[in-house]
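If you're matching them up, the sequences are chains Y and L in order.
For the record, in the first sequence the residue sitting at position 457 is 457 according to the numbering used here, with numbers rising by one throughout.
For the record, in the second sequence the residue sitting at position 250 is 733 according to the numbering used here, with numbers rising by one throughout.
One or more hints might be untrue.
Result set (DMTMM-like, lysine to aspartate or glutamate): computed pairs, CA atoms no more than 20 Å apart in a straight line [to be verified]:
#1 K788(L) / D748(L)
#2 K135(Y) / E884(L)
#3 K853(L) / E130(Y)
#4 K126(Y) / E911(L)
#5 K853(L) / D160(Y)
#6 K853(L) / D309(Y)
In case anyone wonders, no lab produced these hints; they're calculated from the structure.
All of these numbers come straight from a predicted model, not from anything done at the bench.
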Amino acid sequence: MILFLIELYLLGVAAALQFRHKLPDVLLSLMAVFWGLFLFFLNMVALILLGVRITAGLLAVIHAVEIISLLFYRWWRIRPVRNPFESSQLFFVLGGVLFVGFSMLFRHFAFLFASPDSMYMVVMAKSLLETGFAKWYFASPLLWGIFVPILQTMGLLFGDGFTWFIQPVLSLFFLLIFIYTVVVANQGARPKWLPLALALMSAALLLSSNMYWVAQFYVHTNLNSAIMLFLSVAGLYFAVKFDNPYWLSLTGTALIMFGMLRTENVLLAGLLILLTIASQKISHRHLLLTFLPYLICQILWNVLVIAIDPVVYSNLLSRTQLMLVTGGLVALILLLVLMRAQWIREHVINHLYQLIPIMMGLTAILVFVINPTRTFKNVWANLTTLFSSGQWLTTFWVVIGLLILVKPTRPIIFHRFFSGLLLGFFGIIIILGAFKGSHTIWYDSVNRMYTHILPVMIFYLMLKISAFFSGDEKKASVAPGAR
Amino acid sequence: MTELTLNEQNTGGQRTIWLTIVGAVALSAAFFLRFLEFFRTPTLGRIVVLLALAVFFFWCILFFVLPIFQALWSNRRFFWLLLSFSVLMVAALYFLLPYDNVPFRTTHILTVTVPGEADQVVLEGFWGPDGNPIPLTDLDTTARIEGEDVFLASGDSLNYTREMTGGVSFSLSAIGAPAQVVVTWDGRSETIELDVTSRDQVRTDPTSWGYPGRWMNLFMTYAVLNELLVMVAILMVVWGFFYQLIQPDLKSPPGWPHGCPYLRDYLILTSILILIALGERYLRTTPQTYAPVLLAPTLVYLLLKWLLPRVKLLPLIVVMLGVAINLMAAVPAFNQNYLRVQRMEEPSFNALAIQVNPYETTLLSVGFYKQLQGAQILVSPDSDFTSDIDLQRLITINQLESARVADYAGELTSQQAQALLDDYPSLEWQKRTPGAFYLIEADERSQEPILFFWQGNDVFLVPAPIAKDMGLIDDLVFD
Numbered sequence: 001m002i003l004f005l006i007e008l009y010l011l012g013v014a015a016a017l018q019f020r021h022k023l024p025d026v027l028l029s030l031m032a033v034f035w036g037l038f039l040f041f042l043n044m045v046a047l048i049l050l051g052v053r054i055t056a057g058l059l060a061v062i063h064a065v066e067i068i069s070l071l072f073y074r075w076w077r078i079r080p081v082r083n084p085f086e087s088s089q090l091f092f093v094l095g096g097v098l099f100v101g102f103s104m105l106f107r108h109f110a111f112l113f114a115s116p117d118s119m120y121m122v123v124m125a126k127s128l129l130e131t132g133f134a135k136w137y138f139a140s141p142l143l144w145g146i147f148v149p150i151l152q153t154m155g156l157l158f159g160d161g162f163t164w165f166i167q168p169v170l171s172l173f174f175l176l177i178f179i180y181t182v183v184v185a186n187q188g189a190r191p192k193w194l195p196l197a198l199a200l201m202s203a204a205l206l207l208s209s210n211m212y213w214v215a216q217f218y219v220h221t222n223l224n225s226a227i228m229l230f231l232s233v234a235g236l237y238f239a240v241k242f243d244n245p246y247w248l249s250l251t252g253t254a255l256i257m258f259g260m261l262r263t264e265n266v267l268l269a270g271l272l273i274l275l276t277i278a279s280q281k282i283s284h285r286h287l288l289l290t291f292l293p294y295l296i297c298q299i300l301w302n303v304l305v306i307a308i309d310p311v312v313y314s315n316l317l318s319r320t321q322l323m324l325v326t327g328g329l330v331a332l333i334l335l336l337v338l339m340r341a342q343w344i345r346e347h348v349i350n351h352l353y354q355l356i357p358i359m360m361g362l363t364a365i366l367v368f369v370i371n372p373t374r375t376f377k378n379v380w381a382n383l384t385t386l387f388s389s390g391q392w393l394t395t396f397w398v399v400i401g402l403l404i405l406v407k408p409t410r411p412i413i414f415h416r417f418f419s420g421l422l423l424g425f426f427g428i429i430i431i432l433g434a435f436k437g438s439h440t441i442w443y444d445s446v447n448r449m450y451t452h453i454l455p456v457m458i459f460y461l462m463l464k465i466s467a468f469f470s471g472d473e474k475k476a477s478v479a480p481g482a483r
Numbered sequence: 484m485t486e487l488t489l490n491e492q493n494t495g496g497q498r499t500i501w502l503t504i505v506g507a508v509a510l511s512a513a514f515f516l517r518f519l520e521f522f523r524t525p526t527l528g529r530i531v532v533l534l535a536l537a538v539f540f541f542w543c544i545l546f547f548v549l550p551i552f553q554a555l556w557s558n559r560r561f562f563w564l565l566l567s568f569s570v571l572m573v574a575a576l577y578f579l580l581p582y583d584n585v586p587f588r589t590t591h592i593l594t595v596t597v598p599g600e601a602d603q604v605v606l607e608g609f610w611g612p613d614g615n616p617i618p619l620t621d622l623d624t625t626a627r628i629e630g631e632d633v634f635l636a637s638g639d640s641l642n643y644t645r646e647m648t649g650g651v652s653f654s655l656s657a658i659g660a661p662a663q664v665v666v667t668w669d670g671r672s673e674t675i676e677l678d679v680t681s682r683d684q685v686r687t688d689p690t691s692w693g694y695p696g697r698w699m700n701l702f703m704t705y706a707v708l709n710e711l712l713v714m715v716a717i718l719m720v721v722w723g724f725f726y727q728l729i730q731p732d733l734k735s736p737p738g739w740p741h742g743c744p745y746l747r748d749y750l751i752l753t754s755i756l757i758l759i760a761l762g763e764r765y766l767r768t769t770p771q772t773y774a775p776v777l778l779a780p781t782l783v784y785l786l787l788k789w790l791l792p793r794v795k796l797l798p799l800i801v802v803m804l805g806v807a808i809n810l811m812a813a814v815p816a817f818n819q820n821y822l823r824v825q826r827m828e829e830p831s832f833n834a835l836a837i838q839v840n841p842y843e844t845t846l847l848s849v850g851f852y853k854q855l856q857g858a859q860i861l862v863s864p865d866s867d868f869t870s871d872i873d874l875q876r877l878i879t880i881n882q883l884e885s886a887r888v889a890d891y892a893g894e895l896t897s898q899q900a901q902a903l904l905d906d907y908p909s910l911e912w913q914k915r916t917p918g919a920f921y922l923i924e925a926d927e928r929s930q931e932p933i934l935f936f937w938q939g940n941d942v943f944l945v946p947a948p949i950a951k952d953m954g955l956i957d958d959l960v961f962d
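For reference, chain Y alone in the conformation it holds in the complex (with noise of 0.2 Å):
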């Protein structure tokens, strides 16, 4: 398991390394860990589709290769390599020794949060070593996506029961990356102590809500989501502050993986997509580059399961419904491929954000027309979770009250993406409560939800917070690291 890790890591390093000298390295060494497992996950679902029986033997094998190969591409475009040692690499070193110490340690000591849906996942995951694609018990990809099975996959291919040390590991790699990127999104402000205080006071207001605290180790979807839910976002806007395409990169992958860990994640992933097209700061080629990857992949992974039609216990999604969200895909494909267009881009990209939240509100108003009652008591059971009963204790009430009281003093940038993700979500909350129910109970579907969007809310608040302050935005300056 320790080689397997090891090789895990370098083959994220591998991928990372693309982008050496265009993002900073602290941030690549993280992120390795994410592209390590992005490129796993596809690998083992090129395996499943081929019908080839996964070994780890044969997976270390393929990752070998790949190592190989994207090192070799990365010698080819930038040879000669005049300086081949810089002292920043060791943050490469680094970041492999934290990702292989504390898988060992947390694999060592177990710990684990879980609840019956843990286990149905560790199933799927059995199912997919042993059966594929073809065959599903209890849930199917029509209920969850497969990005958390595949993640378990791991231990079983080594004997364990179920892979208990990835989630926490995960996590912690997100918060080292949630701390750099809320400070150097506030790089420049007044007082200088700020940006890391904002930072450190992010971190502890994620880990000191017990919802968050023990998603960590929750064998499940939320913390996953929440993590390539801002990895997406971030990106984006670092993309957009440093002028520097390549952050997006990081939306790109995390976006697929967000895509493939569950079903309504389509939803939220649509109205990012809508979002950023709306902003108009992201070049046309840029936008395909990023989004596309993404778009295919979810079409074609909707495709499939169509075909497959899974028939188990448990099922969020009817074919139908998912035939109508593949539509639905098809078209942002088309809005995005034919954006550059004259009349698209005067009558409909022009007014987006005008005409996402009217559409959202319409929506909503429409589900509480047809049934005002549930509607009500859904909105009921979700205002309960958030700010009682869901266990976030205060986190909520201050993230949230902060967010409308403080007013940034200098203006800032993607700001009415950010607005127009919050919102946006919540409208998604309304709407799907309509088919899905809610429940005053800390494990609610939705209350678990409310995990996904969290980390994105505090780093709009810290921004705000720091624009209160003051200090000068620095316009499309350089992250520390980056060349």
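Dock chain L against the given chain Y, drawing on the hints supplied.
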């Protein structure tokens, strides 16, 4: 035109403020009494709600209503005409249309009598206005009380007197022969014809004013008058608004336009919370009122908004305070409901399944998911899985072909159990309680059912061919 002196301007401004305060308090009292269940709110909650509403209405009146009134006041004659018309209109509505009483906390008297000939009338389930049961020992009655029921015979009566807000509910039924019951609530009588085949649910009028004491009488008079005056004021605002629309050259004296955007988020937030409080009041399923909980944050928000320009570090202080409270909640003494992460001594899939504490049927299904899917299952009458719920759950989770109770002896001797484990390969799956599930594996998966047997705490899932070989089901015939 005489210019107003500074003193006169100040006096005029102070008068405006006081009028606005009076208007805000009157409106908040009327709103609270009418819509947010004043008498069912605890005392501290009442103060919070009144204050929150008064502050909200103060700003609304100042920004939106006052300019209208000031515009109307500039034409005194028209103002008095409009006021008279509004008073007449409200008075007419009050006297011509039935007034929807606001429930007040007064003394209510319930009397239930059985005047005519009847075998027996049973009164069951005596509930108060908050949905809590009322002890039958509080009743003054000549009838027989047995358990939770009151048995009234011909000529019996039952009296209940209590100070409360709202009504009571109970059910009546006749035993032996139809009966006639007279229910008198606060002096109003209703005769109910009872049938032996049905049970009548009786709910007394929650808006009845009953028999108020002297002070409550005064309060009720104030409340009704206040509400009527508020309605007059609202009508004036409505007429004034339309009047301003058709008189575009009429200039409104300036309000505080620069303050309105400053408080815009507070006004929007409070409006939303008031709407939620109204929705919760009319659509709730529990008797508890949440208005204080919903409206208190608006006061805190306003306070923070006032503090923010003066205490620049306020956002950081609030975040740190939130973190500190969150951390305190992790201390068991402060929070018994804190979710805790556990350490697994021997992490295995079986241990994971046990830790999540599922139903026994779920645990069993997860343990043998491949073998059970699509299978047929038979359980013996003495098995733990004979209930319809368990069988249906097994069918749903595993998509079984069938699951039913069959007539065979399910208990194994210890020798039989040991023989099964010794002679055939088996899969073991630990239970939450002591014992384990054992799935005896057949060489080939057949279409024949899987039978449940048990020995001590252990449960054995035995394919029919193996059960036959072992002589466990000699006389069982399968469909």
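Okay, which hints does this one fail, numbers in order? none
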